[in-house]
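J.: With chain H's structure known, arrange chain Y with the ligands on it following the hints.
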Amino acid sequence: MKRQPLLHPGLNLGSTDEYSHDVSEPIIFGFWVFLMADLVLFAILFATYASMSVQGQAGGPTPIDVFDLPSAFIETMLLLTSSITFGMASLALKYKADSLHLVFWLVLTFCLGAGFIGMELRDFWVMIQQGAVPQRSGFLSSFFLLVATHGIHVTAGLFWMLVLLLQLRVFGRTTEVKLRLMRLALFWHMLDIVWVCIFTFVYLFGVAQ
Amino acid sequence: MTAESSFSLLGILTAQDISFVHTFEHPGMSEFIDASAGGVMVMGGIIVIALLTYYRGWHALWCDWLTSVDHKKVGIMYIVVAFVMLARAIIEGVLMRYQQSIAVNDPGILSPDHFGQLFSTHGSIMIFFVAMPFVTGMMNYIMPQQIGARDVSFPLLNAISLWLTAAGAALVMISLVVGKFSTGGWTAYPPYTGIEFSPGEGVDYWIWSISLASIGSTLTGLNFATTIYKNRAPGMTLFRMPLFCWTSLCTSILMIFAMAPLTIATLMLALDRYAGFHFFTNDLGGNMMNYANLFWLFGHPEVYILILPAFGVFSEVISTFSGKTIYGYKSLVIATMSIAVLSFTVWLHHFFTMGQGANVNVIFGIATMLIGVPTGVKVYDWLLTMVRGRIRLTTAMLFSVMFLVTFVIGGLTGVILANPPVDFAVHNSLFLVAHFHNMVIPGVLFGMIAGYQFWFPKAFGFRLAERWGKVSFWCWSFGFYLTFMPLYVLGLMGAMRRTVEWFRPEYLGWLQVSFVGALLLFSGFLFLCVQLVVSIRQRDQRRVPAGDPWDGRSLEWSNSSPPPEYNFAVIPDVTGQDAFTRIKQQGQAYASPIAYEDIVVPKNSIVAPVIGIAAIMFGFALVWHIWWLVVFSFVCMWGAVIARSFVTETERVIPASKVRADHEAWLQQVRECATTPREQENTSVNVGRAEVLT
Ligand code: HEM
Ligand SMILES: [Cu+2]
Chain H
1 MKRQPLLHPG LNLGSTDEYS HDVSEPIIFG FWVFLMADLV LFAILFATYA SMSVQGQAGG
61 PTPIDVFDLP SAFIETMLLL TSSITFGMAS LALKYKADSL HLVFWLVLTF CLGAGFIGME
121 LRDFWVMIQQ GAVPQRSGFL SSFFLLVATH GIHVTAGLFW MLVLLLQLRV FGRTTEVKLR
181 LMRLALFWHM LDIVWVCIFT FVYLFGVAQ
Chain Y
1 MTAESSFSLL GILTAQDISF VHTFEHPGMS EFIDASAGGV MVMGGIIVIA LLTYYRGWHA
61 LWCDWLTSVD HKKVGIMYIV VAFVMLARAI IEGVLMRYQQ SIAVNDPGIL SPDHFGQLFS
121 THGSIMIFFV AMPFVTGMMN YIMPQQIGAR DVSFPLLNAI SLWLTAAGAA LVMISLVVGK
181 FSTGGWTAYP PYTGIEFSPG EGVDYWIWSI SLASIGSTLT GLNFATTIYK NRAPGMTLFR
241 MPLFCWTSLC TSILMIFAMA PLTIATLMLA LDRYAGFHFF TNDLGGNMMN YANLFWLFGH
301 PEVYILILPA FGVFSEVIST FSGKTIYGYK SLVIATMSIA VLSFTVWLHH FFTMGQGANV
361 NVIFGIATML IGVPTGVKVY DWLLTMVRGR IRLTTAMLFS VMFLVTFVIG GLTGVILANP
421 PVDFAVHNSL FLVAHFHNMV IPGVLFGMIA GYQFWFPKAF GFRLAERWGK VSFWCWSFGF
481 YLTFMPLYVL GLMGAMRRTV EWFRPEYLGW LQVSFVGALL LFSGFLFLCV QLVVSIRQRD
541 QRRVPAGDPW DGRSLEWSNS SPPPEYNFAV IPDVTGQDAF TRIKQQGQAY ASPIAYEDIV
601 VPKNSIVAPV IGIAAIMFGF ALVWHIWWLV VFSFVCMWGA VIARSFVTET ERVIPASKVR
661 ADHEAWLQQV RECATTPREQ ENTSVNVGRA EVLT
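Sequences listed follow chains H and Y, in order.
Heads up: the first sequence begins at 1 in this note's numbering, then just goes up one per residue.
Heads up: the second sequence begins at 1 in this note's numbering, then just goes up one per residue.
Next up, chain H with everything else stripped away, as it sits in the complex (with noise of 0.2 Å):
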C-alpha cells in the first residue's frame, strides 16, 4: 500500500519508527472498528432501558427513589478525572524517555477507577438493601444490566491496566506494550463517554421526572 503521510494521533512513529508505524496502522484501526461494534451494544442497552424505564416500573421504586444523585456525582468525577490522568500517561508515553510518570500516571487512574466501582458496588448495595432489586420490575432489570454492563467494562480495563503494568515491568516500553496501552486509552475514554450518557440520560433524567 502506499504510504499515506498519516499520523496516529499520539504516537509520534512516522519518521521516527516506521515500523511501528506500520504495525500500529491496522492495529489501531481495528480497535476502532472493536470500539464501534462495543457502541453498538450500549446503544442498545440504552434503548432498552429508555423503553422499560417509565413502563416497566410495574408499581414498584421509580428512579426517584432509588437513584443516588450526590453518590453518581462524586462517580462521575472520579471516571472523568480519570481520563484525564490517562490522558497524562499517553503524554508521558509519548514524550517521557522514562517510565516512572508512565506508570505513576496508569496507576492513578487505577485507584480512580477503583474508586469508581466501589462507589459503584455501594450504591447497588444500598439498592439491594431497598428492595429495589432486578427482580423487582423491567425498569430495574434493564438498569442494572446497562450500568452494570459498564462497570464490567471498566473492572475488565481496571485488569488490562494491571496486565500492562505488569509487561512493562517484563518487557520494557516495547512497540506492543506501547500500542496496547494505547488500545486502553482508546477503551477507556468510550467507557467515559458512555458513563456521561449514562449519568444524562439515566441519573438526570431519571431524577428530573
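Just so you know, these hints were derived from the structure itself, not from any lab.
Cβ atoms here follow ideal geometry from the backbone N, Cα and C, with glycine treated the same way.
Keep in mind that the hints are not guaranteed to be accurate.
[Said to hold, decoys possible] Just some of the chain H residues that point at chain Y, by a computed CB distance under 7 Å:
hint, residue
1, F29
2, V33
3, F34
4, L35
5, V40
6, L41
7, A50
8, P61
9, G131
10, P134
11, Q135
12, S137
13, G138
14, F139
15, A156
16, V163
T.: Using the frame of chain H, we list chain Y with the ligands on its own:
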C-alpha cells in the same frame, strides 16, 4: 429462578438426561429416533477418532490444522464444520417433511416435543452453523488472496472466531445426547422460552450456542473489515476489488453492527431465565415485544450477511464462466452497499401482526419492497454479463443460473409478503416457510455450493468431478421446486408452520409431494459427497498444479494450487480491475520476479483451541448449572488471552532463498504445462494453465 439448593458437582445433570438412558426407560418411536441420532453422532465421533489413531493422524491434525492460524486453513475448517452440520440439518428437514406427510389425522412418528426440537435445531443449525460458517469460511479462504494479501489483519483472532463458532456447533451436537434442545424455534421468542413455559435445559442450549457463535461472528466482521481496508496490495484500490471482496466488506460491516442486538437479546433472555430478571416476562414490567425487535434487528441484516457473499460468488462465477468482465461493476457495488444499508430499515416486517399500527407497518412494508430495487439491478447485471459471453455450463455455473431463476421467484413472494394486509393472512404459515427457503436455498446454499465447486481446485489442487456435480445439481434443483412449491399452496390453504399434526385431508397430496422433494434434496447432498469421494480417488488425473483451471480473472488464480502458506511469493502490483486477466493479457503471467524478500508468517498457536474447548465447557456448564466449571472455564479463556500477550515470539521468517526456490520451481513447472483451451476445461488436459486469448 430454578430452585437448586443441593450442591452437586454436575449441577442439575442426571443420568436420565442422557438420551440413551431416557429412551431405555421410556421406549417409543420418537425417543428411538432421538437416541439413534445421538448414537449416530457418537459412532461418527468414535469412527473419526479410530481412523485418526489408525492412520496416526493426530499429530498432523493438531499441528497442521487445529492450531493453525493460516486464513486458508481456518477457512477450510469453517467449511468442514458447515458440511458436517449441513448433513444433520438436512436429515432433520427430511424427517420433519416425513412426519408432516403422514400426520394427517394421525399422530405420525414424532412426539410434538421432539418435532419442536427438530424445527428449532434445524433452523438454528442451518442459519448459525451451516450458512454462517460456510460464508465465513469462503470469505476467509478467498478474500485475502483476491486483495493480494498474505493473511487477514489478525490471524489469531480469526482462529479464535472459528473456535467460538465451532464451540457453539459442538454444544448443539452435545444436546443430541445430553438433555434436550429448545422447542422455541430458531427465533426463541419469549415468553414461551422464558423459564415459566420452558423450564429445563433446552432453551439454555440455544442461548449459549448462539451467543458463542454471535461473538465469533462479531470478531470475524471486524477482522475482515480491517483486512479489506488496510491490507490490500499496492494498486488494489477499492474500486478495483473483485466483487466478492465488496460483498465480503459489506457482510463484515453488517456483522459488526448486527450481531450485538442478538448477543444482548440472548443475554437478557438468559438473565430472565437464570436470575429472574424481567426483560421479556409477562409480569412485572417485562416486554416481549422488545425481544422481537432486538432479534429481528439482528435477524434481517443476518439474511444479508448470508446472502451478500453468495452474491459475490455468483458475480465471480458468472463472469469467469462467461469469459467476460462483470457487467455494470459500479452498479453492483452500489447495489451491494444499498442493500447493506437498507437491511437495517426493514426488521419490522417480521412482525407486522404484533400490533404497532397501520402507519408503522406501511413504512416498513415500503422499505422492504425498496430492497427489491438494488437486488433487481444485480440480477440484470448478471444476466447482461452472460449476454454474448462464451458461456460454459459447468456445475458452478449451473448452480448460478438456477439461482437467478429461482431467487427471482422467491423475491417476488417476498414482495407479496411485504404488504402488511397480505402478511396478516399468511403470517407464520407454510407460505412463509416456502418463501424463506426460496431465498436461502438458491441464495445462500447454491451460492456456497457454486463457490465450493469453483474454488475447490484452488484449495486442494485438483478439480471436482463434473459429472457427479451435475447429478447433484439436478437433484438440488428439482428437489427444491418439489419440496417448496407445494408449501406455497399449503400456506394459502391455511396450513401453519411448526405443525406436528394436521386435520385437513386435502393437505395430504401436497405434503407427500413435498416429502418426495425433500428426499431429492437429500440425495443432492449425498451426490456432493459422492463427487468428493470420486474426485479424491481420481485426483491424479485431475490435478491443476499451474493453479488457473478456469481462466480466472482475479489474483487468487495467479498462485499455485494449493497456494503456498504466504499466498504470494511477491506481493503483486495491481493496475486495474480483473487483475489477473490483465497480467495474463499483458503476457506477464508466470514471469520471474526481480527480487525476493523474507516473508514473515504467524506461528501456530494453541490459544484458539484452548479458548474453543474452554468455551464448550463454559456453555455446557451454564446449561447444566455446574458453577465451578463455569468459573474454571471462564478463567481458562481469559487466562489464555493474557498468557498469549506475554508471548513475544509469535512470528516466523521464511527466508527469501526458500521462497525463491519454491516459487521458481513452481514457475518452471507452469512453463512446462500445456495451455488449455476452454473447450477442454473438464478433461485431464486441464492442468491449470489457461490459454490466453487476446
Ligand atoms: C435442504 C433442505 C431443507 C429442508 C428439507 C428443509 C425443511 C424444513 C422444514 C420441514 C421446516 C419446518 C417448517 C415448519 O415449521 O413447518 C424448516 C424450517 C426452517 N428451515 Fe429449513 N429446510 C431445508 C433447508 C434449509 C436451509 C438451507 C436453511 C437456511 C440456511 C433453512 C432454514 C430454516 C429455518 C430458519 C426454519 C425455521 C425454523 C423455525 O421454525 O424456527 N432450511 N425447514
Ligand atoms: Cu427480514
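J.: Against this structure, judge whether each hint is valid.
T.: Going through the hints against the structure:
no.	hint	result
1	F29	6 Å, holds
2	V33	4 Å, holds
3	F34	5 Å, holds
4	L35	10 Å, violated
5	V40	4 Å, holds
6	L41	4 Å, holds
7	A50	11 Å, violated
8	P61	11 Å, violated
9	G131	13 Å, violated
10	P134	5 Å, holds
11	Q135	4 Å, holds
12	S137	4 Å, holds
13	G138	3 Å, holds
14	F139	6 Å, holds
15	A156	9 Å, violated
16	V163	6 Å, holds
Comparing the model with each numbered hint stated earlier shows that hints 4, 7, 8, 9 and 15 do not hold.
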